Structures are given as C-alpha cells and as structure tokens.
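There are 4 protein chains.
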Amino acid sequence: MLIVLRQKNDQPLITHIQNLLKKKYGCESHIIGSNGRVIAVPGDTTMVEIDLIKNIEGVRSVDRVDRPYKLASRERKDRTEIKLSHGVTIGTRGTLVVMAGPCSIESEAQLDETAALAKKHGATVLRGGAFKPRTGPYAFNGLGEDGLKFLKKAGEKYEMPVISEAMNEAQVDLMEKYVDIVQVGARNMQNYDLLRRLGKCRIPVLLKRGLAATLEEFLLAAEYILAGGNPDVMLCERGIRTFEEEVRFTLALGSVPALRELTHLPIIIDPSHAAGKARWIADTSRASVAIGADGLIIEIHPRPEEALSDGPQALDEAHWTECMEGIRAIAGAMGKKLA
Amino acid sequence: MLIVLRQKNDQPLITHIQNLLKKKYGCESHIIGSNGRVIAVPGDTTMVEIDLIKNIEGVRSVDRVDRPYKLASRERKDRTEIKLSHGVTIGTRGTLVVMAGPCSIESEAQLDETAALAKKHGATVLRGGAFKPRTGPYAFNGLGEDGLKFLKKAGEKYEMPVISEAMNEAQVDLMEKYVDIVQVGARNMQNYDLLRRLGKCRIPVLLKRGLAATLEEFLLAAEYILAGGNPDVMLCERGIRTFEEEVRFTLALGSVPALRELTHLPIIIDPSHAAGKARWIADTSRASVAIGADGLIIEIHPRPEEALSDGPQALDEAHWTECMEGIRAIAGAMGKKLA
Amino acid sequence: MLIVLRQKNDQPLITHIQNLLKKKYGCESHIIGSNGRVIAVPGDTTMVEIDLIKNIEGVRSVDRVDRPYKLASRERKDRTEIKLSHGVTIGTRGTLVVMAGPCSIESEAQLDETAALAKKHGATVLRGGAFKPRTGPYAFNGLGEDGLKFLKKAGEKYEMPVISEAMNEAQVDLMEKYVDIVQVGARNMQNYDLLRRLGKCRIPVLLKRGLAATLEEFLLAAEYILAGGNPDVMLCERGIRTFEEEVRFTLALGSVPALRELTHLPIIIDPSHAAGKARWIADTSRASVAIGADGLIIEIHPRPEEALSDGPQALDEAHWTECMEGIRAIAGAMGKKLA
Amino acid sequence: MLIVLRQKNDQPLITHIQNLLKKKYGCESHIIGSNGRVIAVPGDTTMVEIDLIKNIEGVRSVDRVDRPYKLASRERKDRTEIKLSHGVTIGTRGTLVVMAGPCSIESEAQLDETAALAKKHGATVLRGGAFKPRTGPYAFNGLGEDGLKFLKKAGEKYEMPVISEAMNEAQVDLMEKYVDIVQVGARNMQNYDLLRRLGKCRIPVLLKRGLAATLEEFLLAAEYILAGGNPDVMLCERGIRTFEEEVRFTLALGSVPALRELTHLPIIIDPSHAAGKARWIADTSRASVAIGADGLIIEIHPRPEEALSDGPQALDEAHWTECMEGIRAIAGAMGKKLA
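Chains as they are written, first to last, in this note's numbering: chain E, 276 to 614; chain U, 276 to 614; chain D, 276 to 614; chain Z, 276 to 614.
Do not rely on the hints blindly, as some may be mistaken.
Intra- or inter-copy, both count: the list cannot distinguish identical chains.
No more than 27 Å apart at the CA atoms, straight line, and that leaves these computed lysine-lysine pairs for DSS-like [what the hints assert, rightly or not]:
#1 Lys283 with Lys297
#2 Lys345 with Lys329
#3 Lys552 with Lys297
#4 Lys352 with Lys394
#5 Lys552 with Lys345
#6 Lys352 with Lys329
Hints are computed from structural coordinates only; laboratory data are not their basis.
Quantities reported herein were computed from a predicted structural model and do not represent experimental measurements.
Work out the full structure, taking the sequences as your base and the hints as a guide.
Set out below in structure tokens:
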C-alpha cells in the first residue's frame, strides 16, 4: 500500500498514520522517496480499511496495490478444473460445459421429460430448482426435498451430474445428499452464513454474481468459500442491473476476459436470466461461448407457457435445438468440445 | 390488466390467451372496445407473469394497471405508526426519530460510552451491531449474543429502544429477546427465509433497500413481512449502486416523495452508509430531514479511527454535535419535533 | 394509447382528459369497456406527453402501446442495406463488415501504414479520426481537414470506403467532400443540430449509442436523421456506463437481439471503446460476431504506445492478427462472409 | 504519479517505462524506495494517459495522485462568486439564488405572466428556453431569437437577470446579446466546440452535469470553459441515469458535499428535471437547500397542462407557492438569505 500526503515532510501526520497502521492493523510502514510525501506499507494490507486512511485530513491519495483476495487470484494458479461424476470436468481449457433443465422442478414426470430433452441435444449437467427465491410473497416456492430426490434420480437415469440452488445452510445439508453442484443465487452472493457453510461443503459451488456486485466483491464472495476449505468454486455471470429497459438484465460479457486475468476459477454464463426472453437466448449463448466462457447454464421446459416459474425465459424444444446448434458451431470455431 | 394485440380480431390468438389466463392463473378476461385488439383482465392479476404474456407472438403491449403489492400499498391506509418502549413512536406526522450508535458493538465499555454520546445529543433510539456482514472473509464479525446483552443493558440505562441487525432466522430468535427493532441489511433485502421469519416476529422491522433494488422490489420485500403477519415495517433508504465514484453509494433521496405516495410505511434514511465519509454526513442528514423522512439512522463512535468496523463513516463527537444541530434546525423549519 | 382511471365512471375527469387530448394534441378518444375506467386514444399518439397524462390526479396508468419512432421501426421493413464504394455493402444478411484504422490520423505516413495493416488482415472499411472530442481541455485535438485528405487518399490507394467522425454541422460539410460514412460519437447522440444536418446529408451515418441512452432514445436519435431524409443510418453499440470498474464501459451485447426486433437498421459493435484494453478486444470481437452484429469498428495502430490518442485500446499487429483470426472463425461458424 | 511494478528490480521494464514517459509526455521519473518496484513521476502528469501505463505488461498499479483539472480545483481558491445585474450574486456563502420560469418561452404574454409569478414568490433570476433540445424529431423546438427578445424584455420589466440555454456556437452569439447567464444542457456537457466557445464568452455559464458523467468528467467540462478564459462557471446537478423507475432521474444530492471539497465553483440544483413530477419538486427543493446548494433552477408555468414542453414537471402557482415557502423555511434554518 502506498499513501501519498498533501504536504511534504508533515512529521506529525506521518507519525499519526504510522502509529495507526501499527496499532490497529499491526503494519509496519516507512517513508520512501526524498520529498517526505509517500508512505509505503509493505506486505499484506488486506485488513487495512483503505477509506479510513483516505479520510485522514492531509492524505491525498491511497493505492492498495494488491487485490484484497488471495486464494481466488490468478497469481495463485492458472486454472481450476472441477471434476464431477459421469466423467464431466469443468474449467479445462478446450472444453465447454452446458447445464440445462427447468427453472423449477414441478413433478417427477416434468423433470424426467425435461432431462430427456436436455440430454438429447447435448447438455451434460442437469439443472433443476427445488427451493425457489421469489420476489413476491404470493408465488410458487418449489417442491423442496422431494424435488431434490427427483433430480438425483433423473441425473442417474440420464447419466448427468445435477445442480440445484441452496438459499440457506439447512438446504446445503440436503444438497450434499442429492446433488453434484450447489448453486448460490445472485441475491445470496453476499449471504455470509451461506458462504461460510459452503466453505465446509465437499461439493463444488456455482456462485452467481450479485446484480450490483463489482468484480472485486464477486471474487471476495468466492474467497469466503475458498477460505473455508472448498477449492471448487465456479463463477457465474447472469446479468447486472443497469438503466436498460428492453433487456431484463445487462449481461456483462465484457467481464469474462477481465475475470480470466484476475482469477483461476471457471466462468459460467447464465443467458436465461439476463435475456429474460426465450427467443434471445440462442444469440446470447453463442456470444457467451465466443467470448471464452467455460460453460453455460440454460433454462428449458417442454411447455414453457405452463411452467410454474420463469416460463418467459424457458426454451421449448424448438428454441433449445436452435440454441444448441449455435453453441456447437461456435464451440467448434473456438476449437472447443462439449464436456 | 390490459393486453393489446398487434392485429385486429385475431380470433385464434385471443382464444389462446384467454385459455392460458384461465387455465394457468384462473383469470377471466374479455375483449373491450370495437377493434378486437384489447383484452381486459379484471380483478387481481398479481399472479399473472406479465413477461409470459408479453412474449406471446402477436402481443404488442401489456399493462398490469395494479401494483403487485397490496398490504404495503398507500391505497390501504395513510400512515403506519410504530410504537416502541420509552415513549418513542416512529412514523407519526410531525415527528422525527434519530437512531444512533456504533456500527459494531466492540465491548460493554465502548457501547456505554457511545450510548451516552447518542443520548446526550438527542438520539432516541440506540443502534449497535452484534452480527456483522463483511464483504471480505478476513474481517471482524461482531460479538454475537454478548453484544446484544450489552445493547439491552445500555438501552435500559439510557432509556432508549434499541435496534440491531439479524442476518438469519436463528439471529431473529435472539433479537426477540434483546432488542426493540430488528434490522435487515441491504444485502438481505431479498433473503426470503429471513423475511418469512420476520413476518412471524412480534417486534418491528427496519428493512434496508438493496443496493440495486427498484422501489417495486423494495415494497415486495416489505410485503413478504407484512403478509406473514407483522404490521410494523419501516423502510430504510441507504444508497444505491451507480457509476458515481467520489461518493460510495448514491443516496436516492428523490425516492422519498415517490415512496410516500406508494406506501404507508415509515421511511428512514441511513446517511452513513451512503456517504461513507464522516464529514459529509451532517449535510446529508439535513437533506434527509428536509425531503420529509420520518427518521435517520447514523453511525457514531467515540474514536472512529479505532473502530473495528466502518470507522471511516462513524461520527466523532464533534461531527455528531454538528450533525444533530443541523438536524434540529431543519426539523424545526419543517415543523417537526424529535420523537 | 390506453388510459386507465382509478375510479369507475368519473365523468368530470373523463371530460377533462378528453378535452385536453383534443385541444392540446388534436386526438380523439373514447371510453371502452363497461366499467368506465379505460379511455382509448386511437391513431398516432406520438405527440402526446405520456407523463402529463400520468400526472393527472385520478389517472392510474397509461400505456402508449405504440413505439414513438416510426421510420426506424422494424414494422416498416425488414433490413436496411447500405451500399458503399469498392463494392462494400453493410447490413446484408450473411455478411459482416470490419472497419479498422487509427483513433486519430496523426500523419500521412502513420495513416498509410495503418491502412496497409487494416487491409492486409481483412478490414474492408478504413476508419480514422480527424476531429477528436477529448474529455480534458489539454489533449491532442486532431489534424482537421488535412487528416480527411490523407484519409481519402488512403481509402483510394487501398480500395476501401472511409469513415470519420463529425462533431458539428461545419464538419459534416467537410465529410461530404472526403468520406464515405460519417460517424456520430456517443457524446453527440443527442446533438440535435448535428442530427438534423445529417438528415440532409447524402452519405451514410454511423450513429453511436450514448453511454446512458436507452434503446428508445437511441432509435429516436436515428429517427431524427431518417426523418430528415437520409435513409442510410447504422447503429453502433459501444458500451454503456454502469457501476463496473474493471472494464471501462459495459458492452451491452444483449441489446443486439433486442434491437434486431425493434429496427431494420444495421447494427455495428465497437469493442475498442468498451473494453479499453487492447488485449480484451479479440474476445469481445468474437462475441460481437456471434451475437449477430452486422459489423465491427476497431482501433488499430502500428505502435500503440506512441499513439496520440486512445493508445491503450489500439491493437498492434500481433493483437490485430489474432483478432481477425477469431472474427473469421466465428463468422464462418455463423455462415457469414466478410463484406 | 506513482507506478508500481509486479517484480522487483525489473530493469528492462523500468527503462522502457522511463523512456516512454520522457519521449511521449516529456516527464522525468525515478525509482523510489529500496525494492525497485515504485516509479515516481513528479510534477504535472495531466497529459499522461494512465490506462496506457496500466496496460503495460508487468505494471501492477498506477496512481495519478493529482486530479486532472487545475483551474476548477478547490486547491486554487475557496469560492467563486458570480455577480449579475440587478444586484444578484451567486456563490456567496450565506445566500441562495432561485431561478424560475417556463421550460419554453411560448409567447410574450405567457412569458410575462410566468415572470410575474416567478418574481411574486421570490425568484431572483428568470429562466426561459428559446431553443429546445427534444428527444424526438416531432416536437416543439422553441421560438428562437424572438424568445430571447421576450426574455430580455421580461428581465428588464421584472428586474431579474435572465438565463437561457444555448446548444451551439451560433446560439451563444445570440445569448451574448440578450441574456445574463447561458445554460449548457446535460446532453451538451461534453460538446467541446460549445465549451470552447463558452470559454471565450463574457457572460457566466451554468453547466449541467451529463446524465452519465462522473464528477471528474463534470469538472473537466468546467475546466474547458475556465481554460478558455471565462472564470464564471456554475455547476448544475440535475439527476443521473440509474436503474430507478419511479423517479425520472436519480438526483445525486450526495455529490454536493463531494463537489464542495473538489471545487470552488457554485453549485446549483435542478429539481424539476430530476423529479419529473410537479408534486415532488417542493420536497426535493427543500433537500437541495438543506444539503448546501448555492441555488435552484425550477420550471414553473401558469397552466402546466397547456405547456408546449415539459408540462408534467412545471409547477402551477399553488405548487410554486408551496415550493418557495419550503425553500424559505429551510434557507432560514441554514442561516441563508435569498440572493
């Protein structure tokens, strides 16, 4: 960390800051350069509250230099590869994973029918929601544990690892019994109890970016899980909130190359929640593959208009077929094969 | 709800939509006007997924007409007044409540000292955090139940109702034993398990707006609590995330008159989290009072630089004195007295 | 337009609104349905200020139904194809155009060298700035008319149509003498004098989206030009301003399928301004092609570190080669050929 | 400027960066500290493109330290006071200016009636639009020079300085003949030709913040005018674009204390464009005064429903009376008098 002062050689201020750094954070510091304006704080300054230093009268500028996350950082390693059942691996260079399934598991028959559809067109992971966060209090909330049982069964039948969302610690306990990947929704990205529980989890986590989260906050949320001892985290970009009106969320695809430089964690794109409209998802999926994502997670449904949740964004078989054709074509052009 | 079609008298489409509305949502509907383009769906259409209808080929436009929240709506009543211990009431026209205290309860002595400071300058509710959500995994997480005990004791000593934040259902159980108001943080605004638990709570709730939440989502979150049976919800605006860089969050004060028209719930402003800098909080507090808020919640600390969390935004005694002078002056000009 | 009232059969209000619509906008209107709450305003309501009606006490909801732009609307025609010199056409299904060149024209030699680079790797339109809008007053402002002369010469030598940006009406006069396409920068998207002048222009216009413009405002800006008599407008998405920090602007690629439904105008993507970093542009370019853009506009420079403007985002030959390889691969997968 | 490298003592990289700084920007630089990672660039680094340095492989972090604007900076002086005719001064500590009038000048009679209304309730500057930027091409564009003549006449009759908006250089010529303050609209904040022309202007300028402009960009736009030789610039906050839907623009009042620290220029608030609804403007005006603005600019109209532009946000006499009562009360509480 570098701290630049307004005045040269302001000894009382220098002493005050050095004492504060030492006493509050245990950090040594020293003046560098000849004009007595720059204080360098070497070593780990993750704990130092940068705003506290900035707000001290007489401080002009503070540069943390290092990122506040360590385990998630690309400086640590190049790529994390996550191995799942049925021979599926996520994060390997040159492969692409497609996860597909219904927003909500509505019944065993509906899930089975959807899983068959997912498998038929090339998805290798089956998704399905058993617990649904709903923005209003008057909507369908999911089948709960029964849904997870159906999901496990469908995964076994169609030979696909399965993923479902947990919204609290108790649900994570259930997930460990039934699923291969546990998903954290965008609204829970900073639910720290949940993140801590996932750190102790022995199954991989798909962490969705909060709709107003910076990339730094996103990686700090991943850091929570990694710091707890679970190394298998994948990041999922699903659209951020902006002033745009025609599109539900703004899919920040440009963050993919930025994330690739910052972290070794696999990057998955969710085009369904961003687009909000089934007929825009094939286009968005192709772009996601082209920009270099490691995978996609897509909502499909045999009869979207009858879906109990998120019908407007679920692909019917015609759209799903078109979507997978596009994905395959772009993956081919990128020299990638479907995991 | 009004649905407008692209073409006149498109009978197959009209039949399809009417059947869907009937079958999926139990809604009757009929054509109005003479050109066969407008379908009216009378009555409660809260359950109808507006995007599902909009996405149907041949539909040009859909207007829900009614707001999707009912209990929180201003159409229901004019104002909610929330009665607390020590004679404090929130939401009464003509009064203003000031809640103050430390971000984190660090020790019994620190809390006592801060409570004395709060009381001395006119705060009537004491705030203090016992469980802290922290963006990074390496920071102070609060004293837990011990903190709540200190808070209850300080509230009794200084004759102030107390408020603290709960992040999960188990913490709400504790809150019911120790505090007068339970706070929901911005990052938990859509934590539905928590909202449902608070609906069963018998103490008032201060619900903070999520940093990317629309006012509709904010009111739907309040609706969750109200629908659970707890009528005492106050809304807290604490800044939204925008592209602004100099200010930590953009305090959307303009939403106060908008909320006042939409809902009967009291509106509290948190200038501390928005401004992020102690020296800007007095100005922001005055503006909050002037625009018509029912109250403020402000972070103070005897020695901000030593605070274990949020030190940069905590007011020391000098700033706190100045802040309360400004608040009193503006409240006076508004014909309001401190609750 | 449909206007819904709060109360049934509120005859004085109905009369007031009908008179206002008639007197101020010349619009006839009538009640539809049986409960006396819905006023229909048939025909063109482009002129009606929707907020004025919404703000009338007793009005619950107003739905314009029709989009406020007519000439730019997809309902008018399917696709606009823009024919340029040297056999280049923009907007044809199945083709992709790549425009490339330096941000600023710095000298005849620099432009010639860059044009050779553009041509060599497959660009078919040459870009080059002669007038530069700069955010601070102390930066390089471009070569002016001399720059345009060099541009015209290079275009002829390398057999490429050329594009340059005009910031005011006088510059448009010059553009008509030297270039094939005139560009409107994001900061001028709502410079109405300029748009009106371009409406009288006889050369095609590339209109960049303002960094806080909604798609409706973007299409209304295009409508200004179309309404003036110039049918050859192409839309250029170049990133919007959001809270994201790591990436300069958030490239709203998800707006491409949305725009495709709303308008017949060709859609060009500018990955350079969005990414801001040369090494992210190849990735972003591939995604732009994959989502279905009609073309790209990319900044290149033989020696980016020496560039007089926008060096950080200019591609050197190595990055440019890689970028075009990616573009070609994805275009191939999409069944498109380079125009 | 401080540049931190990834590796210690990377001599080839150090040499490369030092040469680039010297050759491209004429800047000397030297290593500070003992680990060979920090390059200091003393003196004025306004010209250095920070992103260019950041993008160099091996550079970890760059801190500009100094702000890129000089003349607008608070470090230069404490406050700018702008003297106008009829004894009005803007920017004096302890005074508040209220500018009011119609959005558009529609006729001599309408302006006279509105000016009387403005004067009667305490406004001291008269506003009125003669050239109107309109988002769609089919709307009223203003009376032009005739409007300015009416404005000048009304100003003389009611003894108020007058303000009107110019959208291009030719209009500035006219403004110099007729008005006391020339206004730059939000959409022209980065219209550099206009800013340069205003720098040569001999009348004060009210510069509105662009709806997606950072404070740094806002101050750089002011710097353009100041650098041209016109010292009398006032800044006007009018709402930024965010995801909020109920309120037209998000009025970033929190930027007022931030701007006060950054600059000596007077700060004016436009509550009319932000709120968009007449009935919310009194509340917003009070908050603007309470947060410490130097003035307000408000749209009023004798009969808002008949206004040719911006009717929804114009105050009728009843709202205007209420608005000024609130402004006076808060100004009184702040110890300010109306200028």
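Give the relationship of Lys552 and Lys345 under a CA distance limit of 27 Å: within one copy only, between copies only, both, or neither.
Between. Shortest inter-copy distance 24 Å satisfies the 27 Å Cα cut-off; intra-copy 38 Å does not.
For the identical chains here, do Lys552 and Lys297 meet the 27 Å Cα criterion within one copy, between copies, both, or neither?
Intra 55 Å, inter 22 Å, cutoff 27 Å: inter-copy only.
My question is about Lys345 and Lys329: at a cut-off of 27 Å on alpha-carbon distance, are they close within one copy, between copies, both, or neither?
both (23 Å within a copy, 21 Å between copies)
Between copies, within a copy, both or neither: which fits Lys283 and Lys297 at Cα up to 27 Å?
Result: close both inside a copy and across copies, 22 Å intra and 25 Å inter.
Is it within, between, both or neither when you check Lys352 against Lys394 at 27 Å Cα-Cα?
neither (33 Å within a copy, 39 Å between copies)
Is it within, between, both or neither when you check Lys352 against Lys329 at 27 Å Cα-Cα?
between (32 Å within a copy, 22 Å between copies)
Going down the numbered hints, you'll see the structure goes against just number 4.
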